[in-house]
Amino acid sequence: MLKTTPFHARTAPLCVSDAWRRWAGHVVASSYELTHEREYHVIRVAAGLLDVSPLYKYWVRGRDAARLLDLVVTRDVRKAAVGQVLYTPWCDHAGKVIDDGTIARLDEQSFRMTSAEPGLRWLQDNAVGLQVEITDVSDSTAALSLQGPMSWPILESMGAPPLKYFRLASATLHGIPVTISRTGYTGDLGFEIWVDAAQAIPLWDALIDAGRPFGVMPTGLLALDMARIEAGLMLIDVDYVPARKALIASQLSSPFELDLAWTVNLNKERFIGRAALAEEKARGPQWLFVGVEVDWNSLERLYAEWGLATRVPGAAWRMSVPIYARGEQVGYATSGAWSPLLKKYIALAHLRAQWAKPGTPLEMEITVEHRRKRAAITVVKKPFFDPPRKRA
Amino acid sequence: MKRHDAIIVGGGHNGLTCAAYLARAGKKVLVLERRERIGGAAFSDEVFPGFRFSVFSYVVSLLRPEIIRELELARHGLQILPLESTLTPLANGDRLVQWSDHDQNRAELARHSPRDAEAYDEFGVLLHRMARAVKPLLRMAPPDPASLHPAELLDMLRVGRYFRELPQKDLHALWKLLTMSAADYLDEWFESEALKGTKSASGIIGTLLGPRSPGTAYVLLHHYMGELDGVFRAWGFAKGGNGSVSAAIAAAAQAHGVEIRTNASVSRIQVKSGRAASVVLENGDELVAGTIVSGADPRRTFLGLVREENLPEDFAAAIKRYKFRGASAKVNLALGELPRFTCLPEPGPHMRGAISISPSVDYLERAYDQAKYGEFSKRPYMDIVMPSMLDPSMAPPGKHVMSIFVQYAPYHLNGGWTDEKREAFGDTVVNTLAEYAPNLKSAILHRQVVTPADIERIVGLSEGNIFQGELSLQQMFFLRPAPAWARYRTPIHGLFQCGSGTHPGGGVMGASGRNAAMEILGVRA
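First to last, the protein sequences are chains A and B. Numbering-wise, the working numbering puts 720 at position 31 of the first sequence, and it's gapless, one number per residue. Numbering-wise, the working numbering puts 225 at position 224 of the second sequence, and it's gapless, one number per residue.
Just so you know, these hints were derived from the structure itself, not from any lab. Please note that the accuracy of each hint is not assured.
[To be verified] In silico negatives: residues of chain B with every beta carbon more than 12 Å from chain A:
1) D6
2) Q105
3) F238
4) S389
[Unchecked claim] Here chain A is said to cover these stretches of chain B; the calculated rule only asks that three of the stretch's residues, wherever they fall, bring their Cβ under 8 Å from a Cβ of chain A:
5) 79-85
6) 192-201
7) 392-398
Even for Gly, the Cβ is constructed at its ideal location relative to N, Cα and C.
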């Protein structure tokens, strides 16, 4: 049986589309309204309220908590200040990515780790001999993500403390104890609010009430998918295969290949995958994960051949689409979307390193009237959308 | 005297677009704007503290996608939010809502007429094809079928070939759209009065014509050509109001090196031996440029800035005959709470779309009848949007702005527009709307009424016509604004036009500005 989240009593009646998506064994609304259009725009103009409870959450505490996490992930956890949140991948011993998520330092000896896949066993196995307690709080902690330019005015009106980008603080919202982190998956100004599952419903109600004057709307995963592509953020199982699920070597990815070189801290003496990653860094990655933009005129011509108006996808797609250079396949796109905000057709793609430089002209397969065609594309810098308000 | 390659008179959205394209091609361009702020009628203002309005034009959709792309308007701050529905409240407490979701829309239409629900999709497909058929014309200077000029013949040939490729039934449909009234055309498709009323309203916008006047079916198509994200008939609202459209185009223009001067009122364009020589400002400054482009409407350009004695007689006569007859007004309301429509009182997605007071074709035609004889409509047609529902930054938290486009408010009102008449008209609008939303009056915090006379006075559009001249067939395509002078050129060498008074005409479209730039640069579409 699929699980529902602690917000289900509120989200279910709101979900008039009856469109749900599975996420880590739970059901979460794909869109609440009949179409996801407005929910997408609300993230960029007001504030979307997303139920992100299905994330796996672990509470890691004890004298050696920082040591354990520092050993497991590629970033330097020991240097993280109390109240800081780190986004980081973690790798196997061969330096291939197992998962990615966040680590929040709640105090000197206590952290909350989020992940897309269950990670309890991996943490436990690496904690042998360390003084650390690992608790799976996935079900007991509910989480909401409030994303968009109005997210701060809403929280401010509820008396929340100001937060810098990727910082977290405890707060009380309408009498409900929560932690708020300035994080999210939209590339916009946004926050995630963590609460005891027992208090989930009152928190939802409080946020909806406080958010109404600011245009808040419950927002589903279809809208989030478009926003995260605009933000250039990858998604596990869609944009990369986690190392534990890979069947053949070519399905594996290193952080370098996923454009996460900035998260690999080789100054750390010891962490899982270090040796392999040091070697790869010296050698240079074979593949790179990049953004591409489809050339409109090229797309228009392909449709015009059939007497059709140019068609663009109304929702984000997730599939593998070949990319070519001079007729040879040199990579593949894994997610794409028409960005109504940027008025561009964008995609995230894996390219052989020599073709991955921004500005490189390539071609991507497009199916027009059941025929496979190739549209001109250009490699561009990620993120596609990066508003100053995200960090301001 | 500083020399520019081109001077654009008027910082409206077309003038700015033209300037941006010229500068993009390497020209040194100066834009002169009479007012203290750019944008012309695409202008946002905090009319009342905390409440921002698109004071005049209020929606986007006709803005050409190629302009958004080529000038990178998204990068320069343009953010378009879709208007997803159209609510038509009815006097009996019922309503008709056209939704963007197909199933929801079909169920709602079927409630009124199962036949209409079926016809709706087919109608949509036909208009999609018609819009696609006409779309290439929007991107080019319109060739004159009577001209023997080689370039025009070539264009004519291209258009001819294009139309020859259209299936016969599409050609027939197109001819009908060009000649029929919106009401007659819709009668061939639908039976529900509310649907026909609301759809025919697109045919009368900006024009002193009623839904039963021939030629209005084309205006319906003109409004169908709006395109968002590859979808025709999609309307949107610019975050921050329509001033944001102008601001984004201006930012793109400036990024290409355009100089924009505000508070720079042009008093005349100097003509020396048949050539536009310079622009003289009201403060006496004289500015010289090889090319002078007017974004002002044809009357202001030729009879105001250039002066009749510099024009060939037949051309001057044609410009004098060119019809304006503004018929539209705006009422902008600051609201303390959301209006509660009797037909759908609770707040919901219908408040994020358009609200159309157009219960039937008769209702609209009756509204027109009064305007025909110089009175404003006692029960006017209204197209209403509440931008704060889409963009909360338009109003203080929990409060709202409402933009009401109203017809008919004839420019040539019996006895002329006065302050009393303006307020009486504002009362009529509010009273009419309050019949559908009884709490409206108590929700109003502030009210701004903009009559065609105000539009003329503030923005400079002759007779307050929002399209710089009626979109009626005798002054469209190769006849806009005058026979033989439809290709952005004028009888005066070095003087061009780039406003909505040229092909393809009105709406925040930018096509005239872009096409004019291409013509000046000698680029074939």
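Tell me, in ascending order, the numbers of any earlier hints that this structure violates. 2, 3, 4, 6
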